[in-house]
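Peer 1: So the sequences go chain by chain: A and B.
My numbering numbers the first residue of the first sequence as 1 and each following residue consecutively.
My numbering numbers the first residue of the second sequence as 1 and each following residue consecutively.
It is worth saying that the hints were derived from the structure and are not from the lab.
Errors might be hidden in some of the hints.
Repeated chains share a single entry, so a pair holds when one copy, or any two copies, can fit it.
As the list claims (entries may be wrong) - Straight-line distance between alpha carbons at most 27 Å, and here's what the computed DSS-like set of lysine-lysine pairs gives: (1) 103 x 221; (2) 250 x 401; (3) 28 x 399; (4) 289 x 401.
Letter by letter, the chains look like this.
There are 2 protein chains.
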Amino acid sequence: MSNCIIAQSGGPTAVINSSVVGLLKGNKKMKAFDNVYGGLNGIEGILERNIINLSEISDEEISYFRFTPSSGLGSCRYKLKDPETNEEEYDRLMKIFHEYDIKAFFYVGGNDSMDTINKLSKYAKKKNIDIKFIGIPKTIDNDLMYTDHTPGFGSAAKFIGTTAIETYLDSSVYTNNGIFILETMGRDTGWLAASACLARIDNKPVADFIYLPEVVFDEEKFLKDVRKRFEENNKVYIVVSEGIRNKDGKFISEIESSTQDKFGHAQLGGVCNYLKNIIIENGITNRVKALELGILQRCSMHCASDMDLKEAYDVGKCAYQYAVDGETGKMVAINRTSNFLYDVSYTLVDTEKIANQVKYFPKEWINEEGNFVMQEAYDYFKPLIKNMPELAFEGNLPKYKVFNL
Amino acid sequence: MSNCIIAQSGGPTAVINSSVVGLLKGNKKMKAFDNVYGGLNGIEGILERNIINLSEISDEEISYFRFTPSSGLGSCRYKLKDPETNEEEYDRLMKIFHEYDIKAFFYVGGNDSMDTINKLSKYAKKKNIDIKFIGIPKTIDNDLMYTDHTPGFGSAAKFIGTTAIETYLDSSVYTNNGIFILETMGRDTGWLAASACLARIDNKPVADFIYLPEVVFDEEKFLKDVRKRFEENNKVYIVVSEGIRNKDGKFISEIESSTQDKFGHAQLGGVCNYLKNIIIENGITNRVKALELGILQRCSMHCASDMDLKEAYDVGKCAYQYAVDGETGKMVAINRTSNFLYDVSYTLVDTEKIANQVKYFPKEWINEEGNFVMQEAYDYFKPLIKNMPELAFEGNLPKYKVFNL
Numbered sequence: 001m002s003n004c005i006i007a008q009s010g011g012p013t014a015v016i017n018s019s020v021v022g023l024l025k026g027n028k029k030m031k032a033f034d035n036v037y038g039g040l041n042g043i044e045g046i047l048e049r050n051i052i053n054l055s056e057i058s059d060e061e062i063s064y065f066r067f068t069p070s071s072g073l074g075s076c077r078y079k080l081k082d083p084e085t086n087e088e089e090y091d092r093l094m095k096i097f098h099e100y101d102i103k104a105f106f107y108v109g110g111n112d113s114m115d116t117i118n119k120l121s122k123y124a125k126k127k128n129i130d131i132k133f134i135g136i137p138k139t140i141d142n143d144l145m146y147t148d149h150t151p152g153f154g155s156a157a158k159f160i161g162t163t164a165i166e167t168y169l170d171s172s173v174y175t176n177n178g179i180f181i182l183e184t185m186g187r188d189t190g191w192l193a194a195s196a197c198l199a200r201i202d203n204k205p206v207a208d209f210i211y212l213p214e215v216v217f218d219e220e221k222f223l224k225d226v227r228k229r230f231e232e233n234n235k236v237y238i239v240v241s242e243g244i245r246n247k248d249g250k251f252i253s254e255i256e257s258s259t260q261d262k263f264g265h266a267q268l269g270g271v272c273n274y275l276k277n278i279i280i281e282n283g284i285t286n287r288v289k290a291l292e293l294g295i296l297q298r299c300s301m302h303c304a305s306d307m308d309l310k311e312a313y314d315v316g317k318c319a320y321q322y323a324v325d326g327e328t329g330k331m332v333a334i335n336r337t338s339n340f341l342y343d344v345s346y347t348l349v350d351t352e353k354i355a356n357q358v359k360y361f362p363k364e365w366i367n368e369e370g371n372f373v374m375q376e377a378y379d380y381f382k383p384l385i386k387n388m389p390e391l392a393f394e395g396n397l398p399k400y401k402v403f404n405l
Numbered sequence: 001m002s003n004c005i006i007a008q009s010g011g012p013t014a015v016i017n018s019s020v021v022g023l024l025k026g027n028k029k030m031k032a033f034d035n036v037y038g039g040l041n042g043i044e045g046i047l048e049r050n051i052i053n054l055s056e057i058s059d060e061e062i063s064y065f066r067f068t069p070s071s072g073l074g075s076c077r078y079k080l081k082d083p084e085t086n087e088e089e090y091d092r093l094m095k096i097f098h099e100y101d102i103k104a105f106f107y108v109g110g111n112d113s114m115d116t117i118n119k120l121s122k123y124a125k126k127k128n129i130d131i132k133f134i135g136i137p138k139t140i141d142n143d144l145m146y147t148d149h150t151p152g153f154g155s156a157a158k159f160i161g162t163t164a165i166e167t168y169l170d171s172s173v174y175t176n177n178g179i180f181i182l183e184t185m186g187r188d189t190g191w192l193a194a195s196a197c198l199a200r201i202d203n204k205p206v207a208d209f210i211y212l213p214e215v216v217f218d219e220e221k222f223l224k225d226v227r228k229r230f231e232e233n234n235k236v237y238i239v240v241s242e243g244i245r246n247k248d249g250k251f252i253s254e255i256e257s258s259t260q261d262k263f264g265h266a267q268l269g270g271v272c273n274y275l276k277n278i279i280i281e282n283g284i285t286n287r288v289k290a291l292e293l294g295i296l297q298r299c300s301m302h303c304a305s306d307m308d309l310k311e312a313y314d315v316g317k318c319a320y321q322y323a324v325d326g327e328t329g330k331m332v333a334i335n336r337t338s339n340f341l342y343d344v345s346y347t348l349v350d351t352e353k354i355a356n357q358v359k360y361f362p363k364e365w366i367n368e369e370g371n372f373v374m375q376e377a378y379d380y381f382k383p384l385i386k387n388m389p390e391l392a393f394e395g396n397l398p399k400y401k402v403f404n405l
């Protein structure tokens with residue numbers, strides 16, 4: 001018999017630990033490996049032999065861990081060098097795997113992690129080392145190719161949709177309402193900002209406008225649209241992705257605003273504050289509020305999607321099965337087999353194909369004016385945010401368990 | 001028979017509509033009034049006859065309204081002028097009440113609303129007008145006197161505690177962790193910031209330091225404390241109230257920072273960014289993140305306290321009962337009758353006593369160093385955040401119902 005190891009990499013999500021638990025439970029049932037090890041802080045930690053035995057942890061602790069947000073095994077932003085020119089790191093890693101009698105390595109992550117899986121699997125093949133390397137997808141950005149969506153995205157979309165409704169209500173209570181701007185993450189793609197279309201009251205979207213990085217940001221049109229809507233409704237609700245750019249490809253968040261606040265400071269703080277400033281400067285109204293959701297959208301387990309948690313669990317379990325079946329150098333992907341009665345199947349994609357590619361929000365799901373999304377987007381998002389998770393509580397707050405602290 | 005009217009005022013909370021429903025249900029049972037009217041946008045809207053009949057709304061809609069955050073009847077920031085010198089507004093209001101055959105007026109709000117109740121009840125008495133005026137407390141700030149706590153606060157505290165754990169986990173995943181600063185509301189009092197002491201992992205508080213407006217902010221000591229803790233743990237988690245001030249009484253948020261960001265702007269955006277800047281300027285570390293919770297802490301029904309919702313409902317129901325009993329010019333207050341097996345009773349306080357007073361966070365619940373809170377604070381907060389609400393869903397997001405849109 002032998003062992004396997006799993007580790008996490010890149011930015012955290014609400015459901016990343018669920019994938020680890022899916023794999024653990026898979027082994028509990030099939031027992032293909034004696035032990036499932038956890039590498040703390042990804043490849044970086046494994047190189048330092050920061051390794052724990054997850055198979056020795058009690059079922060109770062694992063049940064809390066499953067519903068704990070953020071990378072409970074720790075994470076890293078470590079990129080392996082090119083194996084052609086730098087074998088040393090690869091050798092060290094293989095030596096450590098050999099010490100622990102490891103026959104399969106699983107990496108939960110995004111683009112960079114799939115690149116790592118790709119490099120390691122090739123290296124192992126070249127050196128005739130019998131270790132399987134399987135990637136498990138995760139990213140709130142939903143920008144991985146060859147998968148219908150990515151675990152972690154559904155929970156982020158649910159948090160964005162929920163807070164969009166709630167902040168819309170909060171910013172609509174007076175007779176003199178102003179303009180509200182909600183900023184989401186999404187440096188390169190608009191999936192997160194677009195998911196705000198889920199937010200509806202009486203079946204009407206709360207957002208007036210949604211701005212995505214996939215559309216060149218035209219300041220003049222923006223001001224015209226906002227002014228008109230404000231004159232019509234005495235309020236405007238705007239959602240914007242942090243990654244919008246102008247026609248020169250410059251991030252709007254990097255343009256200096258000429259507005260100064262009441263203490264004489266130039267204002268900054270992301271796109272939402274830039275938009276706030278130009279709305280005020282152009283005399284539309286002074287009543288403008290801006291809110292950056294920041295890291296809340298990737299760690300809010302208290303508002304996670306149970307569907308997302310389930311799928312994250314399943315991709316972990318499938319990764320395990322594929323490794324046992326002898327696959328390597330691949331990532332588990334999700335196929336949507338039905339949308340109306342939502343269902344998915346799992347498959348494998350070559351990590352070579354995935355690494356360094358980006359899945360953009362489809363142009364055909366953006367309206368002609370470039371300031372909102374189409375019904376297709378709503379239909380795509382809706383099943384991904386289904387159901388609330390059942391959390392354990394302690395001291396009247398969620399009880400979480402991590403292994404990296 | 002006759003009618004009564006209820007309206008909402010001031011900043012919204014997650015549970016303010018629950019008080020309206022408590023009162024409605026009270027009348028459904030006792031039937032002391034033919035109709036319960038709702039004044040839209042508080043006194044300001046009532047003066048414009050923006051009045052709806054809540055008794056005609058279906059039970060189903062009311063059940064959604066009960067679990068809807070923010071002021072579902074709309075709100076205002078309207079202060080009645082002094083009745084001694086300006087009777088006109090009072091007369092207009094009494095005339096409208098007469099038109100609608102109103103015998104009791106209920107105002108859900110904070111300090112200013114209690115001042116309104118006080119003025120109106122006195123005016124009615126003076127003019128021999130038989131209308132009862134009862135105040136129903138609400139404020140996330142928890143700063144009303146003569147009540148153990150205020151409906152709305154528990155839900156805000158629960159959101160702060162929950163997001164403190166979750167952002168702590170998110171900001172602790174790398175081997176090189178930095179400093180995280182969470183900014184809460186609380187311009188004058190520290191109740192909200194202090195409630196972050198609820199956030200614990202393995203029964204240990206996640207926050208290293210909590211800074212309240214009740215303690216003079218000493219920048220030198222702050223930097224010394226943070227530097228020491230960072231050297232010890234390689235990470236520091238800080239919670240700060242927006243209202244902290246220096247020894248001259250100046251808000252820290254109004255002090256100009258000399259730091260410029262990578263684009264050459266002076267930075268601003270609340271206390272958390274000021275603290276971030278001085279940590280960087282003083283060379284402690286460059287890895288500092290700051291997050292302002294903003295209005296999320298007062299509208300996050302998806303993370304509300306069910307205990308808070310229940311108490312908000314009960315103060316509405318009690319207000320009704322007190323008006324029927326002939327009381328006027330008073331506010332319903334909450335007494336904590338037991339903490340271990342948490343229980344409360346409801347009573348009345350003269351609004352004259354409450355208006356224009358502030359309940360500060362107790363000095364004796366702050367540690368000697370002035371940078372954290374005592375166990376007494378934790379014990380006080382804990383029962384107020386109990387249980388999650390059971391929300392209705394539509395399109396996989398919470399289904400909310402308001403009457404002001």
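Peer 1: Each hint should be assessed against the structure and marked as holding or not.
Peer 2: Checked hints:
Taking the shortest Cα distances, residue 103 and residue 221 never come within 27 Å of each other, neither inside one copy (57 Å) nor across copies (53 Å). For the homomeric pair residue 250 and residue 401, neither the shortest alpha-carbon distance inside one copy (41 Å) nor that between copies (41 Å) is at most 27 Å. Proximity of residue 28 and residue 399 under a CA criterion of 27 Å is satisfied intra-copy only: 24 Å inside one chain copy versus 40 Å between copies. Proximity of residue 289 and residue 401 under a CA criterion of 27 Å is satisfied inter-copy only: 23 Å between copies versus 36 Å inside one chain copy.
The earlier numbered hints that this structure contradicts are 1 and 2.
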